[in-house]
Amino acid sequence: MSTAAATHDEHHDHGPAKGLMRWITTTNHKDIGSLYLLFALLMFFIGGAMAMVIRAELFQPGMQLVQPEFFNSMTTVHALVMIFGAVMPAFTGLANWLIPMMIGAPDMALPRLNNFSFWILPFAFTMLLLTFFMDGGAPAGGWTLYPPLVLQLGEAFPFMIFAIHLMGISSIMGSINVIVTILNMRAPGMTLMKMPLFVWTWLITAYLLIATMPVLAGAVTMLLTDKFAGTSFFSAAGGGDPVMFQHIFWFFGHPEVYILILPAFGVVSAIVPTFARKPLFGYSSMVYATASIAFLSFIVWAHHMFTVGMPVVGELFFMYATMMIAVPTGVKVFNWVSTMWKGSMTFETPMLFAIGFIFMFTIGGFSGLMLAIAPADFQYHDTYFVVAHFHYVLVTGAIYSIMAATYYWLPKWTGNMYNETLGKWHFWISTISVNVLFFPQHFLGLAGMPRRIPDYSVQFADWNMVSSIGGFVFGASQLLFAFIVFKTIRGGEKASSQVWEGAKGLEWTLSSPPPYHSFTQAPEVK
Amino acid sequence: MADSRHKANLISLARISVVVVAMFGFGYLLVPLYNVFCEITGLNGKTGRVDEQAVAARYHVDKDRFVTVQFVVNANQGMPWDVRPAQREVKVHPGEIYATTFTARNPTARDMVGQAVPSVAPNVASRYFNKTECFCFTQQTLAAGEQKAMPLHFVVDPKLPKNVRTLTLAYTFFDVSEGAKAVN
Ligand code: HEM
Ligand SMILES: [Cu+2]
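Top to bottom, those sequences are chains A and B. Every letter in the first sequence is one number past the one before it in this note's numbering, and letter 168, counting from 1, is 168. Every letter in the second sequence is one number past the one before it in this note's numbering, and letter 111, counting from 1, is 111.
In isolation and in its complexed conformation, chain B is listed as follows (with noise of 0.2 Å):
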């Protein structure tokens, strides 16, 4: 009797910890499902990439209608870059490849990599705005000093809510210098 009670017991152990295990596992799973749940609600501000080439298949351009298009740009708490986008705002049409620049300075006297994180606002219009080539694709490396102009290439999707006519893009430029350091 107590021999088949203690089977039940370990019996019992054995399913429980694999819930254990499964819970733990569910704790990395809320990672994807978050990245997911943020790109289908556009929540956060992550914008999307696509293809030079296919944005002409894809997109019909809208030319009755313009939409406003703000820059924004920010080091990071600890980053000294000095970055500033090459022009405030545009005036673009959805549907069209539009390209401007962005400058980021090196001050300090040692060579530093920066990595750029995009967010569009408002939260409901970063789903409809797409880069085809962007400085925050990859991560930038300044020597000592240096000044350097880097590349974005935009398109708004027509698709974008009528309500919508301005939207900022903000970049926050974080130091990854020793992250890329560790890498090599």
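Okay, chain A solo, but in the shape it has when bound (with noise of 0.2 Å):
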């Protein structure tokens, strides 16, 4: 077995090529690791200045900056581009670092489709961003693309939807070559009930995109098609019917967010034993709750369609069903909340984040329970109730764990440690300011302030300035985020192997910064 050495690329095994051939050519899982979080951390820019734009134009009522489509285009392409720009490619990036390093590999099981499913990001951004320059505008109508208000788009409407294709197609080839890494790469002995967390719920992530980005490929597709070949899946005059686009996105839409949040449980589950000092609480019960919240997450799509005209029977059951998901949620927070008990603690930057994680996610997690409860959702349904849910769930959920791992793995990665006092200031900065912005729009939603709109009444001003001011303060302090990560990578004190003193795991035993190919020689696990 000590000869499973990477001779599949043996001129590349004295480290990498010189000057920009090495990043487009790289089959290498750290350089494509490193591409997908740099691309990653340059949309969470661009989407995060499109929020800006949002959060001006709403500070006070009555328009202000832009121009009303503008502003819907603003709301959607920041949707598209924090989704599939910002997190997806974040999580890819942290699976190409850490999962080759994890399991005893010498790299991923793909190396050419790795490469080829990263460089295929930068297109289709690029063609999604320049559709703010054609004729009719960006899309502007929302994120769901739903008919018929989607078909009225201008001369971008082909190019966002070849965008969503590529991406789709990105993402895909992403997670075969998880799947396929995980299950024929893993060093001798590391069965799968021994794999870290983050692995497990990665492999599950993988699944669900495989399983639902080609039916997002499909609806879009069907969208091009009712505009440009006369077909009419979604067009009534034909015979088709608009809410069955919604059953199709949905079917894509509800998956898609727990493919935003597993591999945010996996990092939570590295880092709080790390600094507890203690063994994750629960291991097994973890896999199974990542599972079974993976299955749930097919069956709850029109929770999303309440409002639609459902038969009651139908409300009752995605009601029921969406509450159950509640359960292996719960069972996860109950696990860290254990591990951390009685441990003994302490609160180094990743760790902020992971307990802010904890918190604030819950917080998402609650107000989506009530917006699961069928009658009330009439009320709450597109009103910023759900725009502060899903941000509660998204940014302080999915993005918070995205900074715990780049702060708790940086110092692996580069050799170097980040200024600790610099990112207990981002954390507190930005946990301060993200509850600014957000927790108010509970009180709007609930007040009625409809989502998706330029101008408001009146009556919703104050709370709309007090969460632009913590809008622009949040934006603010993610400059120092970046700050902070490009200083760590030009140099700093130097970082030991084991880096942190309760972590535990394969890649604390390669050096810090580690070995071009990872496990040349596989490791033994005991």
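Simulated from the structure, these hints should not be mistaken for lab results. Among the clues, some could well be false.
[Claimed, not checked] Below are the SDA-like pairs computed for lysine to any residue, each with C-alpha atoms no more than 20 Å apart in a straight line: (1) B:7 to A:504; (2) B:131 to A:239; (3) A:227 to B:77; (4) A:227 to B:137; (5) B:148 to B:165; (6) B:7 to A:183; (7) B:7 to A:79; (8) B:7 to A:187; (9) B:148 to B:87; (10) B:131 to A:129; (11) A:278 to A:331; (12) A:227 to B:175; (13) A:504 to A:524; (14) B:131 to A:111; (15) B:7 to A:112; (16) A:227 to B:28; (17) A:424 to A:477; (18) B:7 to A:111; (19) B:7 to A:221; (20) B:131 to B:119; (21) B:7 to A:188; (22) B:148 to B:28.
Hints given; two lone chains; assemble the complex.
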């Protein structure tokens, strides 16, 4: 077994090629992981800039800065960029960097596919962002692409559809690579139930992606043929049904929100034990909880459509099924809290972000439960309450876990320690401002302020101003994050291979930074 | 050793690719599944179509029972036609064929093609509402300024649940002039 070296790429064994071509032709999991993460960071700032425009316009009632059509493009493209450009590539970047090191493999299983799946992304997003310069403007009908509204988009329409196709192809290829790597490349002795939870959650996420991304691709292809080829999948005049699009979209869309959160569960399950200096409480229940969440996520989609006119039986089914998801999710939160119970805890930046995640993700889970109550959802649907809900689960959930992961593994990746004082400042400014930003949106929603609007009645003015101020501070504090990351890449106090006193797992047995090919000799797993 | 692993990776790649293609197909399969589901449950208010000759053989007229059928017709947003039913409502015996008309007028200065899409409320009743002749079976062409009376022949299935006393048939007219041109 010891000869299972990385013989696929003999001439690369002595380290990376030089110059720009290294990054374009690379098949190395660390290079590609870095590319993904940097791309995600760039998209995070592009999507963030759009969010700043949204909050600036909503700072006061009345039309202040932008045209309403442009405002609608801002909300739509902000969502597409953040979901497909920031969160998903960031998780794929983490998967690339970490999975081979965690399971004791030299690299990902399909390196060329890996290169390809990353390099599709810049093209997809260039195409999406160029639609701002087209006749009729950028997509403005909402990221959920509901017909018939979405069909009114001008020249940008086919470009938006092709961009979504490319993003889908990229994430499908990325998932195939993750699955094959995990199934075939584990070091001897690394049984499935010994894998770190980050690997487990990614394995399940990859299956979700394989199962749902093609369905999204089908749905947007139907939109395309409805517009250009005379089909009428969603056109009532031709015998189709626009509500059917919502069913197909959310058959993808709900599993998608779990695609955005399961890897986060894996990250938090790695960080909490390290800084509590105790093994993770209830490892196998974590695995089963993740699997049940993934299964349940396929049978709850119509909770996004309670108001379309479903029969009562349907409303009840989707209401109870949705609430059932709270059970395995609760198991997870319980396990993280139990891991911390009586641990010797310290609060370095990754741990702060992980604890922030547990707290605030749970707030998002609770508002989700309120939305799951079908009769109550008639009041909440399409209001700022929904906006508050998904930002608690996505910003203080998914994004917080990505930041926690960055602080946690950055010393391993670069060999340099980040600046702990700056990291703590980043955490506290972000956490205070993000709550100033999103918590008042619950009140706005309950008071009836609709989402996706550039103007509002005056009774909503105060909380919108508060929310915007929180938004500007949160946006600015992310510049600090970028500063810390680039400063650490360029230098800093040298990190040991262990980095964190309490850290367990194969990646910590490699040097910091690790060798270009991770485990050329398969490690021994006890 | 590395070679055999490489082979195993490619086999896994092929297997998963099959799943990807299958799921793409599944997305399209959802379309007929959705329609069948709506038909079975009557969701969406989709109505049925029967043959005039078959009605006498299939249905026994229930002279003891009256059902009120209301008619509503709307032109979709952006569709300029003026459309209305000749009667607002009729009382019918289940099992018997009735005839009524709707009128449509094209107030514009161009020839247009329209398509009516029906829907029945309450949902549970839609399965029991059948048409033998309807202007919604085909596209309707109206020349500039033309007005036309359009027929509807329908029959209510005597198996209609006893608690349904009133049902509403609603039509929406869509402008399909452009699609019609494309087909020509
Ligand atoms: C206990 C867990 C959860 C429950 C019960 C829940 C429930 C719901 C419900 C019922 C809605 C629809 C509200 C409406 O439109 O009226 C919704 C919307 C949404 N949820 Fe959740 N949710 C949960 C967790 C999550 C997680 C983990 C994520 C993502 C990481 C998420 C992301 C979203 C998003 C993005 C929307 C809005 C989609 C849109 O209309 O644009 N949710 N949630
Ligand atoms: Cu959902």
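Hint-by-hint comparison with the structure:
In summary, the hint linking residue 7 (chain B) to residue 504 (chain A) is not supported, as the alpha carbons are separated by about 32 Å, beyond the 20 Å threshold. Distance hint between residue 131 (chain B) and residue 239 (chain A) is fulfilled; the C-alpha atoms sit about 16 Å from each other, no more than 20 Å. At roughly 18 Å between alpha-carbon atoms, residue 227 (chain A) and residue 77 (chain B) fall within 20 Å of each other, so this suggested pair holds. Restraint check for residue 227 (chain A) and residue 137 (chain B): not satisfied, since their Cα atoms lie roughly 23 Å apart, outside the 20 Å limit.
In summary, the hint linking residue 148 (chain B) to residue 165 (chain B) is not supported, as the alpha carbons are separated by about 31 Å, beyond the 20 Å threshold. A threshold of 20 Å between alpha carbons decides the hint, and for residue 7 (chain B) with residue 183 (chain A) the separation of about 13 Å falls inside it, so the pair holds. The straight-line distance between the Cα atoms of residue 7 (chain B) and residue 79 (chain A) is roughly 40 Å, outside the 20 Å bound, and the hint therefore fails. Proximity of residue 7 (chain B) to residue 187 (chain A) is assessed by CA-CA distance (about 17 Å); at most 20 Å being required, the pair is judged to hold.
Proposed proximity of residue 148 (chain B) and residue 87 (chain B) is supported: the alpha carbons are some 15 Å apart, at most 20 Å. The suggested pairing of residue 131 (chain B) with residue 129 (chain A) is violated, with an alpha-carbon distance near 50 Å, which exceeds 20 Å. Between residue 278 (chain A) and residue 331 (chain A) the alpha-carbon distance is near 18 Å, which keeps this suggested pair within the 20 Å criterion. Taking the CA atoms of residue 227 (chain A) and residue 175 (chain B), the gap is near 15 Å; set against the 20 Å cutoff, the hint holds.
A hinted pair counts as satisfied when its Cα atoms are at most 20 Å apart, and residue 504 (chain A) with residue 524 (chain A) qualifies at roughly 14 Å. Restraint check for residue 131 (chain B) and residue 111 (chain A): not satisfied, since their Cα atoms lie roughly 61 Å apart, outside the 20 Å limit. Annotation: proposed proximity of residue 7 (chain B) to residue 112 (chain A) holds, straight-line Cα distance about 15 Å (limit 20 Å). Pair hint residue 227 (chain A) plus residue 28 (chain B) holds up; C-alpha atoms about 17 Å apart against a cutoff of 20 Å.
A C-alpha spacing of about 12 Å is found between residue 424 (chain A) and residue 477 (chain A), which places the hinted pair at or below 20 Å, so the restraint holds. With a CA separation close to 14 Å, the supplied pair residue 7 (chain B) and residue 111 (chain A) stays within the 20 Å bound. With a CA separation close to 34 Å, the supplied pair residue 7 (chain B) and residue 221 (chain A) exceeds the 20 Å bound. The straight-line distance between the Cα atoms of residue 131 (chain B) and residue 119 (chain B) is roughly 12 Å, inside the 20 Å bound, and the hint therefore holds.
Pair hint residue 7 (chain B) plus residue 188 (chain A) holds up; C-alpha atoms about 18 Å apart against a cutoff of 20 Å. Between residue 148 (chain B) and residue 28 (chain B) the alpha-carbon distance is near 39 Å, which puts this suggested pair outside the 20 Å criterion.
When each numbered hint is compared with the structure, violations occur for hints 1, 4, 5, 7, 10, 14, 19, 22.
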